[in-house]
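Protein chains: 2
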Amino acid sequence: MHTIRLAVDVMGGDYGTRTIIAGIVEARSLTTWPFSVRLCGNEKTIREVLSLLQDETGFEIENCPDYIGQNDIAARSWKQKSGSPIVRAITLQAEGLVDATVSAGDTRVLLGAAIFILGRLPDVTRPALAAFVPTITGRPTLLLDVGANLNCRTEHLVTFGRLGFEYQKLFFDGYLPTVALLNIGKEPYKGTSAILESAELLNSQLSTFRGFVEGSQVLRGETDVIVCDGFTGNVLLKACESFFPLTMAVLGDDAKLGAQIREKMTILNPEHYGAAPLLGIAGTVLKAHGCSSSGAIARSIVRAVDTVRAGRG
Amino acid sequence: MHTIRLAVDVMGGDYGTRTIIAGIVEARSLTTWPFSVRLCGNEKTIREVLSLLQDETGFEIENCPDYIGQNDIAARSWKQKSGSPIVRAITLQAEGLVDATVSAGDTRVLLGAAIFILGRLPDVTRPALAAFVPTITGRPTLLLDVGANLNCRTEHLVTFGRLGFEYQKLFFDGYLPTVALLNIGKEPYKGTSAILESAELLNSQLSTFRGFVEGSQVLRGETDVIVCDGFTGNVLLKACESFFPLTMAVLGDDAKLGAQIREKMTILNPEHYGAAPLLGIAGTVLKAHGCSSSGAIARSIVRAVDTVRAGRG
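Line order of the protein sequences matches chains R and V. Just so you know, we're using our numbering here: the first sequence kicks off at 1 and counts up by one. Just so you know, we're using our numbering here: the second sequence kicks off at 1 and counts up by one.
Hints are computed from structural coordinates only; laboratory data are not their basis.
Lysine-lysine pairs mimicking DSS-like chemistry, simulated, CA-CA at most 25 Å apart:
1) V:K264 - R:K256
2) R:K79 - V:K190
3) V:K256 - R:K264
4) V:K79 - R:K190
5) V:K264 - R:K264
6) V:K256 - R:K256
Bear in mind that the values here come from a model prediction, so they are computed numbers and not experimental data.
When you get a sec, could you build the whole thing from the sequences and use the hints?
Below is the structure:
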């Protein structure tokens, strides 16, 4: 069992460095596979958190003096802010010092750094951000794109289908993942021309292509991969992720009822599904939600470890 | 109290003529306002259903010999199939014989007939299909467009904002409805150029414009109107509508728990919110879901009656 080496941006989440490091510690109880972590961020902040947590084993610190603010132009930040946590993490990966990167920071900065430092896979013009949508089957569906590419042409949608298929296949023991295109109806004349053309191409390229699915089917988990443009995917993902906390808000005021419901509905809890992989990049890069709790960070770490393992075959 | 005269396409739903006519009968118990209905469809089928229901009062029959099949080109059907239920209903409305039309049939045929027979409102290039999304506040949000316009430019989104505002205002006693734009983030640099431009224009045109909302906020019901393109709106609406039945599927197997949950979650039941209004048309036209139950049809009828009443001021 080779130790898997991760770089983690500990400055990027909404809840601060402490939540992210607590998540990494938590991840150790979720996987038996050994992993080490380079904590990328402000060294002083990191040392304070580690001394609070009383757990410094297995960590290395990569001090990052730069900070990317809201006023920085995200698409160029990877170039101008080489000392920022995201850019340092991706650079460590490009230098072969780590196997994967996890960040809860700005998606565009992460994507820009990944594309320009690690590079794209052959035949991929637009890498995609994918995400796991909780479903009532208990097995999440991989949805892509969820925000990296707002306007998509046929070639992009077809590439997303292929990337999603390949990623899910890593984890499916011999079974081929099924792929569908998100559309406004099942009839073969509904939808944009890009979607209709993509359906024809995917049908000829993937034996497990299942045609169209509508918004009402997403939570049913009928296919392993769903392809759409990044605007629709982002909106849909966030709406689906809001179902579990809203149900708890509506139903949870009665303590006994609340506990029963939480147990049954827990399959729809987005916290269980970890980070969103950037697909089409020459390397393993995962984007955790900005609002990730330590539990969500822990699952993101495990997802990174599992992805590197599966990729090694 | 002037009787409100409706034309209803009784051939268009997935569950057949009987469900639609049963819904009309059911609507009588949901409103005290008098209304009459012209049943547009196959006369023989209608007479069979009416004799089964043993209720023929208040109905007139508009025999429609034409049928629009899946192979007809929807955009032209309004012209070629003048004897189809949708086209007959809209024509009765254009002739001043009814005040509003309700159909659970093909959206594109209904929209085509409405645009070309009734016409558009001044300054509206693209009428929109709006729909009520259930929210946890118990007060639904009007979402538009939900499928009539898949690709939208700035001018269309701004028009949708204005149309949604005007429609909701009909029902709000003196209070001005709030309007938001659906986007992938709240930051003013996120989103497509059409969305960013629309935000600027809506901000200058509507005093109750509230900026951006994300997918996670839709079910929270924070604004009265949410504007988006028709592809995203269709997917989002269907996903949100799937939430109530899926929750019941996951939680409802325990009879006692199921009943408690149904009672609390009923505010998210899409059946309670009736049909989707076509906005920007010179007349009241409502589209019910193809899969409408009789209860959903009943609420669509009430929505049509209320819209005509409110429009008269």
